[in-house]
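A.B. asks: Fit the two chains together into the complex; they arrive one by one in their own frames, and the hints show the way.
If you read the protein sequences in the order shown, they are chains A and B. Take the first sequence: its letters are residues 1 to 405, numbered as in this note's numbering. Take the second sequence: its letters are residues 1001 to 1300, numbered as in this note's numbering.
Per label pair, the in silico range of CB-to-CB distance:
1) Met1280(B) with Gly395(A): 48 to 58 Å
2) Phe1276(B) with Gly252(A): 25 to 35 Å
3) Gln1011(B) with Lys281(A): 22 to 32 Å
4) Met390(A) with Gly1122(B): 20 to 30 Å
It should be emphasised that the hints constitute simulated quantities derived from the structure, not laboratory data. Just so you know, even glycine gets a beta-carbon here, dropped at the ideal spot from N, CA and C.
Spelled out, the chains give:
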Amino acid sequence: MKKKTKLSSLALIASLHLLLPSAQAQSEPGITDKVIKIGMFSPMSGPAMAYGFDVINGARMWYDKINREGGIYGRKIEVVLEDDRCNANDLVAAVKKLTEQDHVFLLNGGSCSVAVMGAREYVERARIPLLMLNASGDGALYPPSPYLYGAFSISQHAVGGSMVQFAAEHLKAKKIGYINNDDAYGEWNLESAKAQVKRFSGVDIQVQSVSPNITDVTAPLLKIKAANPDVLLLTAYARPVGLIVKRAFELGFNKPIVLAINSTADLKQLVDNVGNKDAFKNVYIQEVLADVPGAPKLQWIYDMYKAAYPELAAKSGHPQPYMPQGLPSAMAVVNALKAAGPQPTRAKVIEALATMKFDSGVMAGPIEFSKQDHAAQKSAIYIKYDGTTMTRVPGSFKSSWTYQP
Amino acid sequence: MSISDIWLFIQQGVLSGLVTGSVYALLAVAIVMVFKTTDVPNFSQGEIFMSAGYVALFLLVVWNWPYWAAALLAIVVTALLAALFQHVVMQRVTASRGAGVQMVIATLGFAYVLKGLVRKTGLGDTPRSLPSLVPQDPITIGQAVLTLLDLAILGAAVVVMLLLWLMFTHTRTGQAMRAVGMNSRGAQIVGIQLSSIRMQVWALAGVVSAISALLITPKILITPDIGHLAILAFAAAIIGGFSSLPGAVVGGFIIGIVENLVGLFISSNAIVVAPFMAIMVVLLARPQGLFGGKLQVKKV
Chain A
1 MKKKTKLSSL ALIASLHLLL PSAQAQSEPG ITDKVIKIGM FSPMSGPAMA YGFDVINGAR
61 MWYDKINREG GIYGRKIEVV LEDDRCNAND LVAAVKKLTE QDHVFLLNGG SCSVAVMGAR
121 EYVERARIPL LMLNASGDGA LYPPSPYLYG AFSISQHAVG GSMVQFAAEH LKAKKIGYIN
181 NDDAYGEWNL ESAKAQVKRF SGVDIQVQSV SPNITDVTAP LLKIKAANPD VLLLTAYARP
241 VGLIVKRAFE LGFNKPIVLA INSTADLKQL VDNVGNKDAF KNVYIQEVLA DVPGAPKLQW
301 IYDMYKAAYP ELAAKSGHPQ PYMPQGLPSA MAVVNALKAA GPQPTRAKVI EALATMKFDS
361 GVMAGPIEFS KQDHAAQKSA IYIKYDGTTM TRVPGSFKSS WTYQP
Chain B
1001 MSISDIWLFI QQGVLSGLVT GSVYALLAVA IVMVFKTTDV PNFSQGEIFM SAGYVALFLL
1061 VVWNWPYWAA ALLAIVVTAL LAALFQHVVM QRVTASRGAG VQMVIATLGF AYVLKGLVRK
1121 TGLGDTPRSL PSLVPQDPIT IGQAVLTLLD LAILGAAVVV MLLLWLMFTH TRTGQAMRAV
1181 GMNSRGAQIV GIQLSSIRMQ VWALAGVVSA ISALLITPKI LITPDIGHLA ILAFAAAIIG
1241 GFSSLPGAVV GGFIIGIVEN LVGLFISSNA IVVAPFMAIM VVLLARPQGL FGGKLQVKKV
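Isolated chain B, as found in the complex (with noise of 0.2 Å):
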């Protein structure tokens, strides 16, 4: 391999590795925004990431909606779906004092529905892709190409989490979900309903879901399979810390550049483990995470 070619293999595989890495750390966002306040790994969540694609791709090609129309709907309808899921079933398992076992299990019960609902629509296992609204002509950039799709991906990704930034830090919802994520028990004494604050953190986890699945399916494609990208999301999330939201877009953009680096310097056939091995080699050197914060010793 020649200088040149490990130059190449540098600037593409970095900015093709933001570009999905951007991805997986909306995903991560999600998955981190539900474990803060319901202490519940959500493994439904690539599910919920894949119904999205599968709404907005129903509205598009059986019912011939137009683009906005349809992820607008798709947005909605996932938003609903995850805050009813967490009405209806976790707060009753919370209600009936169920232990963490029964919540995850409750969540991928429910991966499993809504896989089974996307293969009743008809479409198929066919891999399918969603109109992309951006052209998809290519941009070099340096020496690297990606696509203006490319572009308005990382770009719309970015934007999103600058967002759910400024929500966090500078709108009263924000800031009571935050207060649940530190304090369940103290947000209830001081007036937060819990129950409907976590509502609209799985609402919003199913917002950020339907927004990354209308970003990146042009690109990699759908079938009811796809929901497989959230295991990358978790990747991110652990090498962020599981409890912190810059970590999981962090963590996303490292998982992205790992993955291609990994794939273009060791193998193509390591690009698979490669989000682990990035997760064992941050946890040896940082065990709570890039950005955990300080290891606590808890009485039992």
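Same shape as in the complex, but just chain A (with noise of 0.2 Å):
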């Protein structure tokens, strides 16, 4: 009798052991054995849609594909989706309602900066993780929180850094001419651009910060034309950027100026405000994705955008620009899921982020998180626009900031 009752004792204890793991994963929120619950946010309406929506749709597309591949360990991605219109109230009442409500395993949401660093101190609360579509997100990013991953597109602090390597390592630049904005953006990318000048001996850096709201670009222009550099970096938003380029052609200033990612959503539109293509003799401009927009390199991502949504695809305006940077997030989500093994937890997913490294073969550079940093990308690649055709510099040139504690 006793021999039988240890004999059960030790089946069901045995038993136990084999069904702890998966008990442990389903007591995690949003996993059962069948499905993973990704909580999903962007501004899909409103002013800044062109942020998100099809950045979104980019994300899902990739967890459709690994759905139709049979999923993680036997597990679906299920998307819950939310509208954040760009803004921190409504994007924290999505982050809120994805974690409390519809008891989701993970964040994967954030296209606007400003907006998903309102997020921060909730989702390090909630101890769940949020991996941010293409906001750079450097305010929510620095310090690392364990919590927070971001910078997918490029990190602020890692535009002007990447500029400057451009700059001197491609154009041979000693002098640069430098205007930034005079807002927190301005300020990143001006720290990693006076990093990246201190690794150059004989290189020097003239920076002109003007407000977003400037009218009259003269000023600052006429002194970095009397400062007589050898190329002009433009890390300002679209709006000072076309006046500059504009004021620039006027008053005859005829040396390289690049662009940075932050004004080049709509190039054409550029082109018409400034008025005349002959301003854009000598301009280059940032991309952060691997190759031009629409060369063979990334036709796979524009091919896949057609099957996943073909009415969306047969509107005119569709995809968006941004859509491509929708899938490294994506990516990261599924690496960091397959990394967590069969019974995966929060615990488990942060831990494989904080290591991750891989080649998006979307981007400019690879997709790479360290302990201490959490912003993915910090490599752009730059194109000769000449204001009609696009020719892409060879290389990628990548920013060597790093966050200090």
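C.D. replies: If you want it as structure tokens, here you go:
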């Protein structure tokens, strides 16, 4: 009788042991044997829709692909969508709803850097991983939090550094003119630009910071022109950049001008605003994708979009320019879930993210995290743009700025 | 900085400042006109200016109208919109003995409505430009570089100011507007219809705003947030004395030039605060503004 009891106890322990990992996974919110629930959010309506609508579609088509291939350890990805309208209040409300009502396993959203900053405190309190979509989100990423990962497009801290690398390495510039905005974005990209300048001996940077609302750019531009730089780097937003390129042409500034990704969302409109294609004779633009938009290397993304959303793809204006930027964060989510094993927990996903590195085939540089830096992407390619045609400059240019606690 | 750089900066700063300053001056004139006749600082002035630009842009880009027709309709629509706001909202607030603060809030509400309507046009937040009627070829004056468009902006703004001066001094409507501005009750006693004159003043302010938008947007680009330009016009009006039309004109030019000189000789970051520094300097030296007349003590 005693022997029988001992045997049945052992059998019970053994079966409990076998069941334990599964029970552990299922104690995590948003995970069942068949489904992993992911909460997604971006501006899907309103004036900032262009930043996120098709970005979220880009990410979703990657999840759909994974589901078609059998899911992750047999579990299908189920997406719950929310519209954050690029607004901090709506975004935090979306994050709370997804976490507390929809009980998602992790969050994958955010296309607007300022809005996504608002979610940091809640995400840390709820201990739920958030992988941003295409927001650079530097304000939320530094100092690093174990729960927040972003800058899959490019970190704003890397924008300036990459531009300086391009100017010094490719254009052989010794004296660099730099015009940024006098806000947080401007400060971040200038910080990395200054750090990058230090890597080159004999390279000097002359900075002018302007308000995004500036109406007359004569003063900053005249000061830059008087300093006689070899190149002018512009990291300001689209309106000041349009004014500067136009005024530079009027003032006879003929050195190369490099435009950061911050101002190149609508290049045709930029050319219309400047009003003269001759102003683009010596202009380069920064691009965070792996190649020139529309290049064969990236064609698979657009084919995938057409197959996933045939009706949308038939409409003019779709896919929106930022669509490909949705894929790398979805890839990171999938990779982290795979690395977390058949019984994933949020802690295991966070552990996997902390040392993740992969080439997305979409962005200019690898997606790479470390314990000290949760900004995914720090490289850019550069394109010579004459107002009509785009010619890629070989290679990609990486910012070396790192976060110092 | 060498002497030749300093001389170049002064020439360029002053000439470029006169161009942008001329538009600040026009907007300041619109603000002062409304303030003098209704006692309301019109905080929707910037959005009225912005809406005029978008009406023209919409007609040109979406409906492909010819420029002259789009410009004309933009002026008419803006004038009607401003007059309608005075008639439907401001007049009622005044009739219900609304306090000044209620009227100010009404203008702020109007600003939000206009911005919301513009965002509904589908033209989005992308910066855009109205086509320029004048070639934008650079020309050199001394060492400074301007464009033909710059000269056209300055010239057209000065012509509009002269026309306004002629209207205020040589027409019955203009004189009635001035009378309402000086003493509304007295004007009413001598038979001037306050509501009609106030509507006309708002319409005129709309016309001036629309002309300003048509002049300057090919140069500074337009977004739904461009209404912030009115802050500079307010600064110009304050420097001029707030109730003086010539003061508003001079204030506009001062702001335009000061912005550039501060940017050139102090710092580009300081351009945004330059108008407010100018206000402080002027008000410390002359609290009533440059053209504000003598300070009077009122019985309360």
